[in-house]
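Those protein sequence lines, which keep their order, are chains A and B. All the letters of the first sequence, read from the start, carry residue numbers 619 to 789 under this note's numbering. All the letters of the second sequence, read from the start, carry residue numbers 19 to 204 under this note's numbering.
Bear in mind the hints are in silico, worked out from the structure with no lab data behind them. Every value quoted in this text rests on a predicted model; they were computed, and no experiment measured them. Positions of the beta carbon are idealized from the N, C-alpha and C atoms, including for glycine.
Estimated spans, in silico, between C-beta atoms of each pair:
{"hint": "1", "chain 1": "B", "residue 1": "E22", "chain 2": "A", "residue 2": "W711", "range": "54 to 64 Å"}
{"hint": "2", "chain 1": "A", "residue 1": "S722", "chain 2": "B", "residue 2": "H29", "range": "57 to 67 Å"}
{"hint": "3", "chain 1": "B", "residue 1": "K115", "chain 2": "A", "residue 2": "A665", "range": "24 to 34 Å"}
{"hint": "4", "chain 1": "A", "residue 1": "Q654", "chain 2": "B", "residue 2": "N23", "range": "24 to 34 Å"}
{"hint": "5", "chain 1": "B", "residue 1": "R89", "chain 2": "A", "residue 2": "S722", "range": "43 to 53 Å"}
{"hint": "6", "chain 1": "A", "residue 1": "W711", "chain 2": "B", "residue 2": "K157", "range": "44 to 54 Å"}
{"hint": "7", "chain 1": "B", "residue 1": "F88", "chain 2": "A", "residue 2": "W711", "range": "35 to 45 Å"}
{"hint": "8", "chain 1": "B", "residue 1": "A92", "chain 2": "A", "residue 2": "Q633", "range": "29 to 39 Å"}
{"hint": "9", "chain 1": "B", "residue 1": "L40", "chain 2": "A", "residue 2": "S722", "range": "54 to 64 Å"}
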Amino acid sequence: MNDHNNIQDELKEMQSMLADMPRKMPYAVPQGYFSQLPEHATATVTAGDNVLTLKHDAPYSLPKGYFDQLPETMLAVAKEKTSQRRTIPRAQWLAAAMLACIISFGGYIMFSEHTTVPEQMLSSVPKVELNNYVQSRYGMDVNTPIKEISISNLNIENKDIIAYLNETGWE
Amino acid sequence: MPDENDRLNDHMLVVSFKNEQLKETAFTQLVRKYQERLYWHIRRMVVVHEDANDILQNVFIKVWKNLGEFREEALLYTWLYRIATNETLTWIEQQKKHTSVSLSGDENILTEQLASQKDYSPHKIEWKLQQAILSLPDKQRLVFNLRYYDEMPYEQMSELLGTSAGALKASYHHAVKKVETMLLEG
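Here chain B stands alone, though its shape is the one from the complex (with noise of 0.2 Å):
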């Protein structure tokens, strides 16, 4: 959650984007400064590097594209993530229409995926804990990440998501007891 600082920086970046000299510059700080968050926010949901990566590209095309026309009526952060969780989601439902002819199932592909990553072990926590988190539902599975990595307020994901903070409340509780027992029995 950014604070009064962030939020200046991020006017003044928003400010600085829509005078044409100093729009290059001004997208540059703006990659830099929430490249990293909006990355993990997207590897998280999509698990392998190279989507993430084009996915993340994507999510800057639109920002360069559209950020003139941002009127700060929200935070920056909450918009960047909006645009980031729309490209993410609808990646993932092409990927699911392209691959509903196999015989694998959404979670099978993404535990393959998981299987395939650099230093993986079945054994180690971290890795349970992510293969636990890959058995959850795509909404499920963001608003978990959405809370427990991103430390994102229920208030600020509401207004992301355009659920109810009680309903997203109520969600990533189930999720926290999902995964657990995920855990458990693995």
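Extracted from the complex, chain A is given alone in its bound form (with noise of 0.2 Å):
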């Protein structure tokens, strides 16, 4: 067998029967087919796509002008879906943007220094001003220790002890 493309040769080398048959094709093509298929085509193809697929004895009917003002509704259609699409993504950027801002302004308070600004400004404050500052402002002194609360110290008379007690169970 060889490569070269003589199909005669190869089928000879095939000790092929087919060899010496003719091989023109014996269908018949409706006169003139062949002439008037590119323009025909052309005018096909230029004219609308599914023209031709609905030639031959399509059962299906059509609204009148269906495929004039196809054209113009595809168009409507799609501009209006490219409207869509362009809003709603900005929608979205817009309340995704919000609702970051939100989370950051929130984890700011929440995680910002200043739960433990107090605590860590006092620390840095020399403890003598802290007391000097007690003593000043509440007339307080700090090293002397408090005195244990006791109901005894409140100056509450016994009547209005039973009233509460009467109001919120005994028990």
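Dock the two chains into a complex; use the hints.
So this is what it looks like as structure tokens:
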């Protein structure tokens, strides 16, 4: 067998009876078919792609002027879809940006130094100055131990205590 | 197989098609140049003229839609054959689905269609040959037709069908033997 492109040589090498057979197709083609096809095909593709598929005994009916109006209808739909696609992402971006701001601000409030500032600030103030401040501001000596709070030191009368216990329960 | 002049001509057709002002003229020339080869490629597979015509027109619609993006990495000739082959095989598959409930097999349907052709004569050798070719499975029939009628080189057929040249050669030789057997039996 060889690789060149002579079909008859290849068939002869195979000792095939097809080598000597006529290769002309016996099928008939309508008269003038090939002379008309180029113009017909061009007219078809430029007029609309679906016309040909409906040509042969199509059992379906279409609204009058369907294909005449279809390009404009499709264009309007496409434009509408495009404009929707533009506005929705903008709204989503805006919402996302706002959400990000809220989360950031909340995070800043929650995790910022505010909760630790008093302790940190106080720890940096010398103890002597703090004692002086408490003494001058509240007239208290920080070195004096605070007396244990007792109900008897509160100067509350017994009738008030009984009334309170009647309201809230004795146990 | 296109020669150098053909390739240059094809290149000019593609370039012209991409020019909006020359598009329709280039397309008409392309159809004129390839219509018969593509038509017969399809008709040998589907037998009936009306079916071949429908498929061919679908092929040209696809060409119209896609030639603008054709990068000429393959020959225009191969590209056109690929579209025609795909369209034909898709059509055949659809027909099989439609007729799957009928009692007749695919081969019988094709035989009936062959017998309904104008000037059909079961005793004439050219019709006997067609009958024998129609007995081949679709893919093998495609390979046989591309080689026997279109004289397509195996390498190009390989590019077209995505099968190795060796496998195509084996398929063709097997098909030739089957057709011979059918002719001798008939």
